[in-house]
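Colleague: This is what each chain is made of:
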Amino acid sequence: MIVTFDIIILVFLVIAAIISLSVKDLLAAAMVFGIYGFLICLLWAEMGAVDVAFTEATVGAGVSTVLIVATILNTRRKSTD
Amino acid sequence: MKAKIFASIAVAITGAVLLYAVSDFPRFGDPRSPANAGVEGGSPSASLYYIENTYRDTKVPNLVTAILADYRGYDTMFETVVILTAGMSIFAILRVLRRDDAPGAPASAPDSSDHSIDGDHHRIIVATTCRIAAPLIQIFALYVVAHGHHSPGGGFQGGVMLGASFILLALSGSLRDTLVRFSEQQYLRLAFIGILIYAGFGFLPLWVGRNFLDYGALSGLLMTSGEEMARSHSMLGVEIGVAMTVMSIMFAIFANLSTRGRLHGGL
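Chains X and W are the protein sequences, given in the same order. Here this note's numbering is used: position 29 in the first sequence is 29, and no number is missing along the way. Here this note's numbering is used: position 172 in the second sequence is 1172, and no number is missing along the way.
Please keep in mind that the hints were generated in silico from the structure rather than gathered at the bench. Computed from a predicted model, the values in this text were never measured in an experiment.
Within a straight-line C-alpha distance of at most 30 Å, the following computed BS3-like cross-link-like pairs (lysine-lysine) qualify:
1) K78(X) / K1002(W)
2) K24(X) / K1004(W)
3) K78(X) / K1004(W)
4) K78(X) / K24(X)
5) K24(X) / K1002(W)
Chain X extracted, bound-state conformation (with noise of 0.2 Å):
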């Protein structure tokens, strides 16, 4: 556990998740979301857990990331919240 490294991907983390909820564009949102996953797995995989980072991996950054663009692209791409 190297805490430097820890605290970098935490702030990106911060950063990441704030910018997700307050961006009007979703599918910017969508994709900040997709960048949220992967430093998650990055955090777990340099932790030692190396199975929930590649799940976070294929499921969060991978697949949702997909499926919330589908949706957003058959439905509206900006936010009135």
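We have chain X; now place chain W onto it with these hints.
Modeller: Frame of chain X; chain W shown alone:
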């Protein structure tokens, strides 16, 4: 605006309480934490048991896979059922089963959103690259499934990767061409066959009077040298079942979401 302020205050208070609770946690990887060493004066902890006995019991070097597929096989089986249920729910909500001659969807009209390779030269590089990449992804996914009890990976990850390779084909080429290779009938069937494989490995030991999912009883059927190897091989079988279900459901969800349940056209 008022609701937003209240929500922010609630989030801030919850976050502060959670951060306060973190200070009571044991240090990262502390061997004397309750999870690792058991409650003081009580029985030895579960994680200690797994670390010491997993390889002896099952001959599987990857503890995580052994716990997920063997010791806690019941949980994993119903997690797979949850995936299947999610896919079936999306199918039930989105899938449009009526004929295309219904109003609003003229049947004879050419499918304007269908960008096949022949019709659109801008996509040919992307489509060709993805068509070359897809088999490599699938081979790696099969490796992840088959090697899941020796290295990180297993049924879920490999299944998602297999499903993702079909999604990649559908995104880069066209969903119609992908559905020719992996039709709706095939993926629905595969999803249930995967669950049946898992449940079959659970029910077979019942036949010889052992517990549900007690793979050790299968050593005669699988012709292994001992109960440990039977557990190892059964885990592989179970992972294959999980991979089949997850692959089918991932592709089914994508196909239904991207076409609003019509399964033609696509993004």
